[in-house]
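Q: Chain by chain, the residues:
Protein chains: 4
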Amino acid sequence: MGGTSFQARNLARGREIWSQMLRDEVTIFLGLAGAMVPAGMRQVIVYLIENRLIDCLVSTGANLFHDLHESLGRSHWKGSVGSDDRELANSKIYRIYDVLTSAKEFDQTEEFARNFSNGLEQGRAYTTREFFFLLGQELSSLGKNQGILAAAAKANLPIYCPALGDSVFGTALAAARVKDGNQLRFDIVKDVVEMVQIASARPSGVIFVGGGTPKNFIQQAKLCGYIFNKELDGHEYAIQVTTDSPQWGGLSGCTFDEARSWGKVSPNAKTVTINCDATIALPILVSALSQDSAEAIKNRKSPAFLLGKDLAIF
Amino acid sequence: MGGTSFQARNLARGREIWSQMLRDEVTIFLGLAGAMVPAGMRQVIVYLIENRLIDCLVSTGANLFHDLHESLGRSHWKGSVGSDDRELANSKIYRIYDVLTSAKEFDQTEEFARNFSNGLEQGRAYTTREFFFLLGQELSSLGKNQGILAAAAKANLPIYCPALGDSVFGTALAAARVKDGNQLRFDIVKDVVEMVQIASARPSGVIFVGGGTPKNFIQQAKLCGYIFNKELDGHEYAIQVTTDSPQWGGLSGCTFDEARSWGKVSPNAKTVTINCDATIALPILVSALSQDSAEAIKNRKSPAFLLGKDLAIF
Amino acid sequence: MGGTSFQARNLARGREIWSQMLRDEVTIFLGLAGAMVPAGMRQVIVYLIENRLIDCLVSTGANLFHDLHESLGRSHWKGSVGSDDRELANSKIYRIYDVLTSAKEFDQTEEFARNFSNGLEQGRAYTTREFFFLLGQELSSLGKNQGILAAAAKANLPIYCPALGDSVFGTALAAARVKDGNQLRFDIVKDVVEMVQIASARPSGVIFVGGGTPKNFIQQAKLCGYIFNKELDGHEYAIQVTTDSPQWGGLSGCTFDEARSWGKVSPNAKTVTINCDATIALPILVSALSQDSAEAIKNRKSPAFLLGKDLAIF
Amino acid sequence: MGGTSFQARNLARGREIWSQMLRDEVTIFLGLAGAMVPAGMRQVIVYLIENRLIDCLVSTGANLFHDLHESLGRSHWKGSVGSDDRELANSKIYRIYDVLTSAKEFDQTEEFARNFSNGLEQGRAYTTREFFFLLGQELSSLGKNQGILAAAAKANLPIYCPALGDSVFGTALAAARVKDGNQLRFDIVKDVVEMVQIASARPSGVIFVGGGTPKNFIQQAKLCGYIFNKELDGHEYAIQVTTDSPQWGGLSGCTFDEARSWGKVSPNAKTVTINCDATIALPILVSALSQDSAEAIKNRKSPAFLLGKDLAIF
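Residue numbers (this note's numbering), protein chains in the order written: chain L, 1 to 314; chain P, 1 to 314; chain D, 1 to 314; chain Z, 1 to 314.
One should not assume that every hint holds.
Chain copies aren't distinguished; within one or between two, either way the pair holds.
Stated by the list, open to error - Capping the alpha-carbon separation at 25 Å, the derived lysine-lysine pairs in BS3-like fashion look like this:
id	residue 1	residue 2
1	K270	K154
2	K270	K179
3	K92	K270
4	K230	K104
5	K179	K144
6	K230	K179
7	K78	K92
8	K270	K78
9	K92	K230
10	K179	K92
11	K78	K154
By construction, these hints were calculated from the structure, which means they are not laboratory data. Quick caveat, the model's predicted, so the values are computed rather than measured.
Let the hints inform the model, and build the full structure from the sequences given.
A: The structure is reproduced here in structure tokens:
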């Protein structure tokens with residue numbers, strides 16, 4: 001596709017840039033927004049984690065909750081866009097574009113999250129990284145090893161969730177608070193501090209699937225070197241797969257050009273924006289990478305070092 | 001425009017629905033995403049607050065930070081899309097689509113937020129509502145009354161920010177943590193609990209400018225009546241102004257049809273999706289409402305009752 | 001809106017540029033694509049013609065056919081997007097997004113077009129301008145003066161339709177050919193020649209509602225000065241109202257930047273792209289112009305001179 | 001991809017439907033809009049023609065002109081979106097999104113088209129099918145066999161161009177008229193008649209790359225069975241690859257649902273809309289088809305029978 005034009009050429013360039021990130025041993029952040037797990041991308045993300053194609057995941061709460069849902073053995077089914085949503089509501093079925101899931105089973109997963117939260121140390125303020133690391137370990141201990149959370153815990157790969165309250169985790173925690181007196185707190189400021197630490201450790205690259213809070217959360221980390229008395233230049237490699245358009249003022253965050261003016265992306269960063277539904281672009285990218293980067297992948301070090309002993313304390 | 005078709009008809013219907021929300025005394029949530037303050041919508045939002053056209057604001061951190069920036073007397077300037085962003089970076093100018101702002105002045109606003117945070121009670125876990133209420137009061141006490149934060153504090157109108165860490169507030173707090181030993185915590189679970197309380201109090205309507213975390217955060221509140229042993233039906237009025245498209249799987253959250261299957265929106269809710277840049281649609285809607293809803297607006301009660309004494313403690 | 005940003009600022013700039021075109025006495029082309037007549041924009045276009053806010057119209061066949069349909073006293077009705085289209089098909093109702101029309105009445109309008117064609121001089125090769133001029137005169141002679149075709153004929157304002165066969169006019173003519181032995185021909189090359197004549201006569205500006213064939217047909221006219229041994233610089237003012245995005249490779253034709261590389265638009269042309277549904281943007285633009293350009297409008301000369309006696313022969 | 005969701009699932013369904021069209025021996029129309037030849041899709045289209053994966057091509061003039069350009073040995077080169085278009089204009093280089101071409105060479109191709117037109121029978125009214133068939137033969141006779149026009153002429157596959165005047169063919173013909181006294185006419189009504197004949201011959205399917213005039217021109221053919229006293233049901237298979245969105249009122253023509261209300265598409269047609277840049281989706285579709293439909297492809301009859309002796313007279 002590299003010989004063609006328009007978005008096919010951008011897709012080919014995405015593969016080149018990602019491949020170069022792997023060879024150059026930079027820290028790779030993946031920002032994950034949009035209902036990618038219900039859309040069937042869960043095993044692709046797991047593959048990225050297990051094969052060290054990424055080092056740090058920043059996600060919406062929804063994707064992590066849907067991963068938990070599937071990890072517990074529940075399913076998303078194929079539905080269709082033209083469904084009658086009032087009828088679905090009557091039948092207690094939730095729709096996510098062309099995907100369906102059972103409201104009752106969803107409630108059971110919410111219940112699991114609530115119980116898990118009640119088992120954590122009350123009064124302590126967790127980072128979202130700690131919360132999801134412990135949840136991944138819990139899943140492993142139950143023999144539920146197939147998903148994103150379990151794979152990340154096993155690989156010591158940090159997961160951040162900048163809007164945890166905005167998801168079923170948030171409502172599960174609210175229920176735990178009101179009904180069970182749960183007093184869990186979250187140290188969302190430490191999340192930011194750690195992101196800056198990781199982003200400051202060495203050159204870095206980003207892969208954005210969609211925009212939203214994961215995208216900006218990753219970008220802003222590069223603006224805060226001053227916290228640790230460092231001068232940072234911005235991410236040096238940047239790929240985004242997006243279906244948004246720049247003319248609405250932001251591209252769900254900002255364009256890479258705008259990002260350059262802020263220093264979120266380095267002046268000479270290698271960047272590409274792939275305008276394509278991620279369900280098409282991401283499997284193609286990853287399939288191509290798995291072919292031509294086998295050597296680089298094998299040699300990549302575990303990202304666990306990124307936070308030193310912090311991750312190890314669990 | 002009601003006599004025409006396509007999006008003009010939807011715009012006219014948006015005015016009808018909002019107007020009916022005002023007459024029916026429902027609780028009106030505004031979800032605000034996208035760089036609406038840099039885009040010049042700040043005074044429109046202030047008008048909505050001061051005239052009680054909305055009761056509760058859920059916003060990205062960025063819009064609130066840009067409001068603080070302007071409240072402190074600093075500016076966003078007209079720029080252009082075709083700017084050379086490397087040159088802007090050299091000149092320490094940040095670009096937001098066709099708007100520019102000074103990096104140095106931005107740093108000063110960040111410094112203000114950091115100092116403000118250092119003045120709060122250390123070790124205490126604040127809701128984001130409390131944080132922004134206190135910040136609005138601080139601005140008022142400094143004679144900076146022109147903006148969203150000050151107007152909301154004065155009107156006792158709650159503001160929530162589900163991804164506070166994902167904004168310059170987040171990086172200001174991270175700097176305060178590392179450099180000043182600031183130990184502020186945030187009770188993001190209580191944010192969710194309060195949202196459910198407000199959404200459960202009486203029938204409700206939503207206005208979404210863009211999608212993202214504000215949109216889902218408002219929608220999920222209606223799914224959690226069970227926390228307080230209530231059966232809720234979903235929001236009964238729903239307007240969204242969006243530039244996203246449903247075929248990408250979500251419309252930055254979900255379509256109102258999908259929302260019905262979940263119960264986020266009631267089966268018989270009056271809904272409209274206006275596919276238009278909010279910088280065009282929002283001023284038209286508000287200007288029309290100010291003309292034909294003067295009576296209804298005058299009679300609306302303060303939203304302060306929504307959380308009872310909670311808001312009053314400050 | 002000029003003081004705001006994003007698309008609201010572009011809308012304000014559109015008004016400025018159009019207003020300047022009126023003052024500077026340039027030839028103004030309007031390219032009309034998309035189902036603008038069914039969408040309720042017919043009277044806006046008539047207003048533009050009657051008040052000389054444009055000088056030449058290039059349209060899809062569909063918009064002109066829908067104008068004929070309404071001119072003959074038939075209607076488009078409000079429908080809804082969620083209609084069951086199989087049921088509509090059974091009920092012989094056609095849907096155009098949220099607009100409906102009767103298949104039977106549509107057939108009657110097609111019949112009218114077929115009979116009209118049979119009344120023209122057989123064997124002669126008409127330009128599309130001549131065809132629509134005669135059709136407008138026919139409507140006037142029947143007392144049907146309310147529409148685009150009649151207004152344009154009265155104002156001697158040329159209408160071109162670069163894809164006449166691609167519309168119900170095309171199928172009406174095909175029926176006339178097969179069933180009535182109609183031998184009408186079209187001189188589509190003379191259409192192009194005339195467009196070049198008009199575009200070469202003096203400085204020019206363009207207003208594109210959507211893209212498609214009208215947009216390119218107007219743009220290419222400025223590339224062909226060499227036919228008449230003239231050097232042309234490209235259109236000097238250019239406004240487009242579009243809902244397409246540049247990343248797909250074309251913006252339904254090309255962006256104004258691309259157009260500059262071709263010489264379709266002059267290097268120093270004043271241009272603006274308004275990303276907005278035309279049903280919202282066009283009425284706002286025209287309403288603003290009617291207020292602030294009254295003097296300029298009054299003084300504009302009839303565009304009839306553009307083709308000299310050619311138009312007069314009918 | 002069939003096991004996933006969103007647009008990946010639609011892409012998988014597109015392959016199924018196309019594959020079924022091949023097995024069921026229906027007449028397959030391809031509508032081609034957008035700058036697909038400059039974007040590198042030329043050899044994909046040639047493959048479709050040579051392997052009988054389509055039976056009839058309806059295209060914009062631009063794609064056919066760019067095919068001629070490359071057939072004559074000239075090139076499109078890789079450029080970039082951020083080019084300075086004033087500078088390109090000075091250097092006589094045309095830009096098409098991220099593709100460049102030499103203005104001088106383009107003029108030479110225009111000259112070739114003009115001379116070719118001057119060699120045709122003057123005063124005669126050609127269908128666009130005849131024009132492009134003869135042009136394809138001319139290219140073959142010059143040993144230029146690599147492109148769309150030559151392949152189609154060799155395969156007796158009809159090509160229609162509903163807006164011939166709206167392309168460099170149109171301006172070449174205008175130059176021929178004014179400067180060389182060329183009196184070529186086009187019988188655009190016969191184009192429509194032939195399309196109805198082809199679409200009436202047996203069940204049919206459509207593949208739309210983009211929208212515009214090719215899409216509607218193919219769809220309307222199925223509404224005109226009455227011309228030949230036939231009752232037609234609409235196309236029975238329908239695939240479109242589009243980057244437009246339905247909320248703007250049309251999807252560059254209409255959605256397949258709307259098309260059902262008109263009878264353009266049969267009530268029970270198998271349809272799918274793939275929301276993806278065609279430069280990505282089309283090669284994937286064709287590559288998949290070439291693998292799993294080898295048998296079906298081999299057995300497909302030449303489409304030449306479609307117009308009986310008409311095509312043979314040349």
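Q: How do K230 and K104 come out at 25 Å by Cα distance, when the copy is not named: within, between, both, or neither?
A: Answer is between; shortest inter-copy Cα gap is 18 Å, intra-copy 50 Å.
Q: At most 25 Å between CA atoms: does that hold for K92 and K230 within a copy, between copies, both, or neither?
A: Classified as between; 18 Å across copies, 53 Å inside a copy.
Q: Which holds for K230 with K179 at a C-alpha limit of 25 Å: within a copy, between copies, both or neither?
A: For K230 and K179, only the inter-copy Cα distance (13 Å) is at most 25 Å; the intra-copy one is 46 Å.
Q: Cα distance capped at 25 Å. Does K270 pair with K179 within a copy, between copies, both, or neither?
A: Intra 50 Å, inter 33 Å, cutoff 25 Å: neither.
Q: When Cα atoms must be at most 25 Å apart, do K78 and K154 count as within-copy, between-copy, both, or neither?
A: neither (30 Å within a copy, 44 Å between copies)
Q: Evaluate K270 and K154 at a C-alpha cut-off of 25 Å and name the case that applies: within, between, both or neither.
A: neither (31 Å within a copy, 45 Å between copies)
Q: Is it within, between, both, or neither for K270 and K78, if the alpha carbons may be no more than 25 Å apart?
A: Classified as between; 18 Å across copies, 38 Å inside a copy.
Q: As a check of your reading, is K92 near K270 (CA-CA no more than 25 Å) within one copy, between copies, both or neither?
A: For K92 and K270, the Cα distance is within 25 Å only across copies (21 Å; inside one copy 47 Å).
Q: Could you figure out if K179 and K92 sit no more than 25 Å apart (CA to CA) within one copy, between two copies, both or neither?
A: For K179 and K92, the Cα distance is within 25 Å only inside one copy (24 Å; across copies 51 Å).
Q: Regarding K78 and K92, is the shortest C-alpha distance of 25 Å or less found within a copy, between copies, in both, or in neither?
A: Within one copy only: 16 Å inside, 33 Å across.
Q: How would you label the pair K179, K144 (within, between, both, or neither) given a Cα cut-off of 25 Å?
A: neither (28 Å within a copy, 41 Å between copies)
Consistency note: the structure conflicts with the earlier hints numbered 1, 2, 5, 11.
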